[in-house]
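Going down the list, the sequences are from chains A and B.
If you count the first sequence from 1, position 70 lands on 70 in this note's numbering, and the numbers rise without skipping.
If you count the second sequence from 1, position 95 lands on 95 in this note's numbering, and the numbers rise without skipping.
Don't take every hint at face value.
[What the hints assert, rightly or not] The following residues of chain A were derived to be distant from chain B, with all beta-carbon distances above 10 Å:
hint: 1; residue: 2
hint: 2; residue: 8
hint: 3; residue: 26
hint: 4; residue: 62
[What the hints assert, rightly or not] Derived lysine-lysine pairs resembling DSS-like cross-links, with alpha carbons at most 27 Å apart:
hint: 5; chain 1: B; residue 1: 40; chain 2: A; residue 2: 21
hint: 6; chain 1: B; residue 1: 426; chain 2: A; residue 2: 3
hint: 7; chain 1: B; residue 1: 40; chain 2: B; residue 2: 426
hint: 8; chain 1: B; residue 1: 40; chain 2: A; residue 2: 42
Since the hints were derived computationally from the structure, they do not count as laboratory data.
Beta carbons: idealized from backbone N, C-alpha and C, even for Gly.
The chain contents come next:
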Amino acid sequence: MSKLSMRRMKENQSGIISAVKADGEMGRRIRDMGLVPGTHIKIQGRAPLYDPVALRVMGFTLTLRNNEADLIVVEVE
Amino acid sequence: METTIALAGNPNSGKTTLFNELTGARQHVGNYPGVTVEKKQGTYVSNGYKMTIVDLPGTYSLTAYSLEEVVARDFLVKEEPGVVINIVDASNLERNLYLSLQFMEMGIPICIALNMIDVAKNRGIEINEKKLSEFLRIPVVPTVARSGRGKTELMNAAEKMVKKNERPIPLDISYGGDVDQALVEMEAEISANSFLTDTYRARWVALKYLENDEQIRSLGQKTDPVLSSKLEEVVNRLSIHLQDTLDTYPEAMIADHRYGYIKSIIKQGIISFKQDRDRLFLSDKIDKVLTNRFLGPVIMIAVLMGLYHLTFAYSEVPVGWLESFFGWLGGMVEAFLPDGLIKSLVISGIIDGVGGVLGFVPLIMFMFFGISLLEDSGYLARVAFMLDRVFQIFGLHGSSVMAFIVSGGIAGGCAVPGVMASRTLKSPRERLATLLTVPFMNCGAKLPVFALLVAAFFAANEAKIMFIITLVAWGGALLVAKLLRITIIKGAATPFVMELPPYRLPTFKGLLIHTWERTWQYIKKAGTVILGISIVIWAMMTFPSLPESKTQIFEAERKAVMVGVSSTVVEELESADEEAELSERAEGLKDLLTAIDYREAESALKHSIAGRMGTALEPASRLAGFDWRTNIALVGGFAAKEVVVSTLGTAYSLGEVDPEENQSLSETLASNPGWSPLVALSLIIFTIFYAPCFVAVVCISKEAGSWKWGAFSMAFNTLLAFVLAMLVFQVGTALGILAG
């Protein structure tokens with residue numbers, strides 16, 4: 001078990017969100033989509049130029065830019 | 001009795017499909033007052049009970065950050081619909097309930113349509129809707145919007161709620177000890193002072209203060225500044241406390257607890273998964289190919305080329321019909337109206353104007369059909385996903401690509417549908433920057449201008465020059481977008497956070513409705529303005545007309561020519577119709593007379609307002625190498641870029657040159673001492689960048705929601721074009737290159 005930012009996660013790696021370090025509009029958008037502490041996520045893939053990242057959360061697919069993924073800390077298995 | 005029912009839900013939850021299923025063709029699209037968000041409204045009749053259905057914009061939440069969310073929230077509060085049908089994607093229950101929860105916090109009467117229940121079942125998700133209904137204490141009706149399943153049951157449940165007319169008991173959940181304590185404290189203050197409570201619940205106002213809601217805070221500041229500051233003080237205290245103890249924010253605590261509440265209820269036997277939730281479904285398998293690092297971009301290029309082909313090649317036929325119809329109409333007027341101003345107004349002002357408006361209709365229809373297809377199937381989100389990295393550098397969004405391509409990113413598009421294609425963008429700043437830069441692309445109307453100049457001066461390197469022109473347009477557009485994003489449209493990037501919805505087969509009905517309503521909006525809103533401006537441009541190029549003393553000179557010349565030949569020749573020419581074979585001498589006379597007509601047209605043009613503008617601008621335009629003739633042509637190009645060619649023809653006494661057949665004009669330019677390859681290059685640069693044609697300007701104003709932006713694009717683009725053309729001309733002259 002170790003914590004790392006979502007940007008550094010590899011394809012198919014999964015984990016549980018432990019913190020979202022964003023406030024204001026960015027924080028709101030991220031949380032609205034269910035990315036809150038305790039949620040299980042899995043990295044599904046990356047765009048051809050390695051940014052944005054696509055992840056699986058609560059059964060749907062969400063994409064985030066890498067600089068947005070930086071704000072999310074995940075406890076990986 | 002009549003009532004209003006609002007449809008609300010997440011994007012991609014099938015909300016619009018349900019709306020189309022309920023209202024069919026009985027719908028109407030407008031805008032919410034003062035904003036560019038679409039307002040869709042329709043009627044549904046059941047057992048003689050007529051209901052107005054309003055399709056609210058799709059949102060994930062009810063914050064004040066996005067325009068869509070503010071619009072939805074204001075509608076619910078101000079219009080007080082009898083009931084809100086909340087469409088919930090059954091295959092995505094947790095995230096969808098997040099919005100439901102916020103309606104319940106507001107105390108709004110809702111009824112849940114548990115949509116796409118068939119998709120959920122296929123994915124091994126079983127939902128006990130009775131239990132869900134009991135827990136939430138609201139009706140839950142399973143539906144499949146695509147097939148209409150459950151529609152009647154849903155509307156019966158909604159109707160029952162409207163008839164009972166009971167305000168629901170608002171949902172009060174716990175957001176954790178610290179937040180709850182602050183809420184209680186604030187709620188007491190709010191209730192005691194009746195602060196905003198005539199429109200909102202006291203607890204909800206307190207909640208919005210804790211969530212840093214801009215709209216409610218500024219409303220509060222206006223209503224009661226003292227109390228508002230007091231509430232903000234409570235929020236600040238809580239914020240500091242939460243930062244110190246838990247390293248979090250009040251708004252984060254609230255969101256966490258909402259999701260916590262949802263998880264706690266659905267765990268109580270409401271939902272069961274027969275399969276692993278991270279399992280890859282068909283849609284994900286398709287994505288493995290379509291967003292593959294190598295294959296993805298290749299397929300994307302093919303799809304975008306396909307869209308382009310659909311828009312421009314297939315629309316050629318109906319565009320041709322329209323052109324021949326208006327040509328025929330012009331011919332009829334030509335034959336039946338006496339020569340003079342009225343005739344000129346009807347042909348050049350009205351028929352050309354209406355023809356101009358309707359000429360874009362097939363283009364717009366095909367473009368919206370193609371884009372709706374990509375959007376509804378879910379592919380557009382993948383395009384944005386794949387290209388975002390590139391567009392992000394210039395302060396744009398992955399979705400900007402559609403607007404650029406349609407506008408002429410592949411040479412030969414059109415900025416009018418291109419500007420409208422920017423509707424697929426949900427980020428306001430990125431959208432505005434896209435709107436303002438797509439007119440730099442090389443639309444089909446600019447191509448005849450380039451073709452003329454290339455044929456006259458760069459005939460040997462045609463393909464190479466055309467390719468460079470395309471690169472200059474793209475480079476210029478992206479760099480200007482970046483410039484705008486760090487100056488007048490500055491501000492952080494709108495969060496990208498975007499859902500990749502599962503691929504779905506779009507419904508044909510949905511596509512048709514979508515295409516038609518947007519096309520109709522163009523005709524209705526842009527049409528009248530465009531007709532008006534077209535008449536103004538006609539007037540500018542016609543008035544003031546030549547004084548009689550001048551026309552008499554040309555008349556005298558004609559007489560002199562006719563006197564010089566025998567009367568039989570004159571008679572032959574006058575009695576012959578258009579196609580008749582003429583004798584050599586009659587032909588010679590005809591040419592002489594035509595030459596005089598063309599010279600008269602040239603002096604009339606120079607005498608008109610447009611001509612005077614062109615002449616007055618000459619001292620400045622000389623810096624870029626343009627004389628008054630080019631200036632007039634560029635003024636005319638504001639009507640439509642290809643008019644530059646025909647106006648140049650008139651200005652060089654060649655009559656109105658057909659943009660497709662420019663040989664005589666290109667020879668004239670090539671041999672004219674006032675022209676050189678450098679002047680041509682300078683004019684090419686100017687044509688790429690200067691003011692969009694007025695149809696595009698009207699569309700930019702409509703899409704941006706203000707005439708200010710239309711005016712800005714005219715002034716800014718022309719200035720930019722002039723500076724660039726001047727640089728090219730001056731540097732070229734100084735270095736002595738391309739001097740001819």
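Consistency of the hints with the structure:
no. : hint           : in the structure
1   : 2              : 19 Å, holds
2   : 8              : 18 Å, holds
3   : 26             : 5 Å, violated
4   : 62             : 6 Å, violated
5   : 40(B) x 21(A)  : 38 Å, violated
6   : 426(B) x 3(A)  : 33 Å, violated
7   : 40(B) x 426(B) : 17 Å, holds
8   : 40(B) x 42(A)  : 37 Å, violated
Consistency note: the structure conflicts with the earlier hints numbered 3, 4, 5, 6, 8.
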